[in-house]
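Protein chains in written order, with our numbering: chain A, 554 to 844; chain B, 554 to 844; chain C, 554 to 844; chain D, 554 to 844.
Take these hints with a grain of salt, some might be off.
The list makes no distinction among identical chains, and a pair is therefore deemed to hold if it is satisfied within one copy or across any two copies.
[Said to hold, decoys possible] Straight line, CA to CA, 30 angstroms or less: simulated BS3-like cross-link-like pairs of lysine-lysine:
no.: 1; residue 1: 649; residue 2: 701
no.: 2; residue 1: 562; residue 2: 701
no.: 3; residue 1: 564; residue 2: 807
no.: 4; residue 1: 653; residue 2: 701
no.: 5; residue 1: 687; residue 2: 629
no.: 6; residue 1: 653; residue 2: 807
no.: 7; residue 1: 564; residue 2: 701
no.: 8; residue 1: 653; residue 2: 564
no.: 9; residue 1: 807; residue 2: 579
If you're looking for bench data, these hints aren't it; they were derived computationally from the structure.
4 protein chains.
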Amino acid sequence: MTAEKPHLKVKLGENNYGKAEVNLMKIKRDTARHEIHDVQVRVAMTGDFEAAHVHGDNTDLIATDTVRNSIYGLAKEGFQGSVEAFGKELLAHFVKIGPKVTGGFAEFTEHLWERLPTADGQGHDHAFVRQMPKRTARIETTDGQTFKVTSGISELYVLKTTQSGWEGYLLQERFTTLPETNDRVMASYVTCIWEYAVDTCDYDDVWGRVFRQLQTTFPDHYSPSLQNTLYHMGEAVLGACPEISRIWFQMPNKHHLVYNLARFGLENNNEILHVDPEPYGLMEAWVERAE
Amino acid sequence: MTAEKPHLKVKLGENNYGKAEVNLMKIKRDTARHEIHDVQVRVAMTGDFEAAHVHGDNTDLIATDTVRNSIYGLAKEGFQGSVEAFGKELLAHFVKIGPKVTGGFAEFTEHLWERLPTADGQGHDHAFVRQMPKRTARIETTDGQTFKVTSGISELYVLKTTQSGWEGYLLQERFTTLPETNDRVMASYVTCIWEYAVDTCDYDDVWGRVFRQLQTTFPDHYSPSLQNTLYHMGEAVLGACPEISRIWFQMPNKHHLVYNLARFGLENNNEILHVDPEPYGLMEAWVERAE
Amino acid sequence: MTAEKPHLKVKLGENNYGKAEVNLMKIKRDTARHEIHDVQVRVAMTGDFEAAHVHGDNTDLIATDTVRNSIYGLAKEGFQGSVEAFGKELLAHFVKIGPKVTGGFAEFTEHLWERLPTADGQGHDHAFVRQMPKRTARIETTDGQTFKVTSGISELYVLKTTQSGWEGYLLQERFTTLPETNDRVMASYVTCIWEYAVDTCDYDDVWGRVFRQLQTTFPDHYSPSLQNTLYHMGEAVLGACPEISRIWFQMPNKHHLVYNLARFGLENNNEILHVDPEPYGLMEAWVERAE
Amino acid sequence: MTAEKPHLKVKLGENNYGKAEVNLMKIKRDTARHEIHDVQVRVAMTGDFEAAHVHGDNTDLIATDTVRNSIYGLAKEGFQGSVEAFGKELLAHFVKIGPKVTGGFAEFTEHLWERLPTADGQGHDHAFVRQMPKRTARIETTDGQTFKVTSGISELYVLKTTQSGWEGYLLQERFTTLPETNDRVMASYVTCIWEYAVDTCDYDDVWGRVFRQLQTTFPDHYSPSLQNTLYHMGEAVLGACPEISRIWFQMPNKHHLVYNLARFGLENNNEILHVDPEPYGLMEAWVERAE
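My request is simple: use the sequences and hints to build the entire structure.
Here's what the structure looks like:
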């Protein structure tokens, strides 16, 4: 046992527990044109878990194995629509059945699959190919009845070969050696999450609109900085989605460095680049509605 | 350009930018017995960056390339001790030189290296082998002069083959199928971070004491739950480190499931186990000082 | 020094050296519609490197830093078409300039980018989004003049929700507990490489034909086993590509297991599945032309 | 169905199938001082599988699920010693029970765990901490009775801060810009595999001797090149292990580049380095016994 510390007073602070990386696929088979949801789920419960932590008393605790079973079991009758709606169902369930559970959160990473191509252009009825971007969601509650929802997109890797620069920054500084440029490659591996101005909405439709705005806004302007493009993307999303109150971006600046070919007597007009894995500029910002 | 939205009012919210994944090694060579620091650094700056985001005006912004140069440059004269102290130096520097910078944060992941073994047991003077656990730190400031420091340990993978159970939980529940046990394998891939009760201290020494407490407390008791062991570990750390005000753990329960050999007419007394990669129970909690 | 071993006779066996993970982007900018190649390159040289290994004599060795420079430098004038053609250029170069180099191999992993969508359906002129599947190639030579080429596809994740089964296998066996099924989900993360019946060809065009055959053949039949589908895919590729002499597939059977909901009084008609990360069936086979 | 290709003649080439990423832990509990094996196993079978591939006929095939069950089941009575010996048991079993199986291979990656420290220095009886290097093995048979064994070490990350250089290479070459040095940091992430001169031996003991030789030889000399150090390490292993016929190394040269601080008016005597993640020099070689 740990040594007696007669004067040591210790208590449990904020805490949660649950199950992570529950990989669930739900297939809708009611017509010949199947639909799939492929999600990784984490559910964490909050509540009065002091007895377990401090005294080793597990009375009335929900086992994390039960959390797993419940996710699969509830997906059968529930999970008819978006991950956001399913997250609310899950959390309401755990608050209801758990004697000591008062709230919690559910997190989803949804793998996106496109239908395999067919001659008629409609895509295959039951065969799919995995896509790279992911849909994310986080649902939180403190009472099992009201929910804070955030949704997101991750692993969206976009690049443009021109119409981007970096000029006018602080140049007279000891450690500054970077030359200015008005034509560079700009690339980012976009992560974003957004909050809602409404209690509920068509989450699938909103996600689709955000995704389209990111794809069309990223290249539609000369970018003086990744920060400015980030802001444009946020502005476009808020314009297209009245349901959204604010949106956060994490955008690494994946540097594509012009390789020094002058040493070998060769010109390099932005054609031959080193795709540098590290370090990268990293920008994070919320874009919000102003009154 | 994005379509005109005459009535759309948008503003910049909380934001930061800087450089991530700066991989720095510093070698102390003043004696034949070399010492190394091998760190991955992220520095993010906060301040008034609205002009860049909203208007594309980069005036007086520090380039992230300069952040990188500064980390290497300042490591030469500075970085004489812990990553925590170096983080303070870095942030004070950026607040000082950046016309628009008012604060920021620095994050470190330090790879740990042990000296290669020698016949005399002292370890090699200049040859090392990488270890698995990592040391982490985060330093934050809003003024460049006062700092909030958190330190941590990650990727510490511990396992015990007995003296662990899971009993007495909520059993009469629709989705509950797990049987109780008073003898199971318990394993976790520990991440923890702690906050300080003091403005500064010998961060290296504290880290070493925490690391030892985790290693000795994890196995020193019968564990009725991972939550209880987490709490014991927190209690032991607070007992050994008066400098620490509270400590947070994230401990996945890496399940080692007894494989069903009865189907083949074989006994399995907790000998043959499936090391299940997912899902895993996931526990998070702060352990704090009580008054 | 290592202890003297007077009777130990040791020699150098097969060996190579070079540079790996050279990340190169080449952008064709001659018209407003830019084109990009985004490749990770490894070049390894073979030859008479005994002096360096055995005696520490580096005379006339090409530095691996020079290999890197050469890849970027030669990409400027060369690399006008496929990675396969560029690989030949690279190897011919190193055999020519390296006094001790007689052959080698080049390996490419090409990241694929699609044009971002535009209203006219033509895709953006200079903005792109990263795709998940990758194009691979390996070029080998022993003389710098003749080359063995293999090309491939990797990270193609396909899934079908029906038209797959697994029946008629060895059932009366001690460790066999799996029930037969004629309707299951089948998914695989396909890797394939192919060899050529010709010395050179339009490698880009062949790659496109293979990619289409994989996408159309995977779902076009009832699959009695992943092995049979693998064979169908190989057959289709050989039918569509006279340039190819044989093709090898590595196809994991990414199991999607029907979750046992009967325990909770729920039906599960192949709707609710556990996407099991491990273990997976793993099939490897060559499909070849018969005389 | 795939289109009829009346003149297309296709056949099955070399092929195998089995189960991969089977994660097995075996615990020896016969005394209070427990011992653990934590292995990831792949088993692939070879034989006459043409009917399954070509005609969709699975008669007498062993299901990969059965392979998994067999690995766990056979581990109960068997797997008393090394992974190499267990691999032989597994392959002999599958050749014996599989009507169509004539051979195959088994691959192991063994995670290494050290006992947690105790006051008496003996290490804990039943609590362990995961180490970074891994033990690997591959066992192959074509008859189920005779076996070719290779064993290995991977993820051994070693570094020395001095006693390494790179000089005397080909300097007068168009793309060569690297300056010579006689004092640099040398680091490598070592992978090696070895073959045996004997049919069987104490595989655990051999592994321990190899591991020690790598650790002591890497730093014990001035290294004129990674190739030369590789050769020294091979020579030391062959000297210490008469059971081994030859050993192969793959050693990336993990570059630690002196950061250019002169631009900022600072000296850098090999103290401040950029740990470059890519590209890296990559050396591969066999070191063998000469007659």
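**Message:** Hints numbered earlier in the text: which of these fail when held up against the supplied structure?
**Reply:** As far as the earlier hints go, not one is violated by this structure.
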